[in-house]
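Visitor: Please construct the entire structure, taking both the sequences and the accompanying hints into account.
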Amino acid sequence: EPEVTQTPSHQVTQMGQEVILRCVPISNHLYFYWYRQILGQKVEFLVSFYNNEISEKSEIFDDQFSVERPDGSNFTLKIRSTKLEDSAMYFCASSAGDGTEAFFGQGTRLTVV
Amino acid sequence: GQNIDQPTEMTATEGAIVQINCTYQTSGFNGLFWYQQHAGEAPTFLSYNVLDGLEEKGRFSSFLSRSKGYSYLLLKELQMKDSASYLCAVGRSGAGSYQLTFGKGTKLSVIP
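Chains as they are written, first to last, in this note's numbering: chain P, -2 to 110; chain X, -12 to 99.
No lab work stands behind these hints: they were computed from the structure.
Watch out, some of these pointers could steer you wrong.
Stated by the list, open to error - Result set (PhoX-like, lysine-lysine): computed pairs, CA atoms no more than 25 Å apart in a straight line:
{"hint": "1", "chain 1": "P", "residue 1": "K39", "chain 2": "X", "residue 2": "K91"}
{"hint": "2", "chain 1": "P", "residue 1": "K39", "chain 2": "X", "residue 2": "K55"}
{"hint": "3", "chain 1": "P", "residue 1": "K54", "chain 2": "X", "residue 2": "K44"}
{"hint": "4", "chain 1": "X", "residue 1": "K68", "chain 2": "P", "residue 2": "K80"}
{"hint": "5", "chain 1": "X", "residue 1": "K68", "chain 2": "P", "residue 2": "K39"}
{"hint": "6", "chain 1": "X", "residue 1": "K94", "chain 2": "P", "residue 2": "K80"}
Guide: Here is the structure:
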């Protein structure tokens, strides 16, 4: 069964460092998303990406965040200068179209120390 | 703005039926999703309603009333493995974009 894959599964980084979280969405999907979940809290939308550009982003997705689809398969989230409060589980998701279910990857647990 | 409410926790007995309610206020509504999330894992899709009524899928059913901003997830013949958080999420579209807004989740504990 097709699945969304994310690497790494766990990343520890020092405050102020840049991190890149990687995702391979399901191959025939057109919409890509990043969500995050701080421990014990709800899943929060960060950004949606369609047709090689950001289609919507939340207030959380400030200038420290960026996304790229560098080739036909990868979808990355970059945090330029990490803060302690960026510690969370980051989920990548993809869907075949709008209004269809999003499939989530297993997540990357980011710990900023 | 978006507002999604669901109970924080519920407990039910193995073999029983449980109903998890969700109410929402949103603009640009385009579907109501239920996801299951085990601790430390990713959300997995359970059901999707875009029209009013009941959708049945094995032991799981989901109901939607758009006029009331209300949905529920019904789990039958509960099993211990159903212990998890159940996330209500509203799909919202507009200006060529689409996103899911999640509620805080209902933690369901299934007891013997």
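Visitor: Hints first: check each against the structure and report whether it holds.
Guide: Hint check:
no., hint, verdict
1, P:K39 x X:K91, "holds, 5 Å"
2, P:K39 x X:K55, "holds, 23 Å"
3, P:K54 x X:K44, "violated, 33 Å"
4, X:K68 x P:K80, "violated, 36 Å"
5, X:K68 x P:K39, "holds, 21 Å"
6, X:K94 x P:K80, "violated, 29 Å"
Going through the hint list in order, the structure does not satisfy hints 3, 4, 6.
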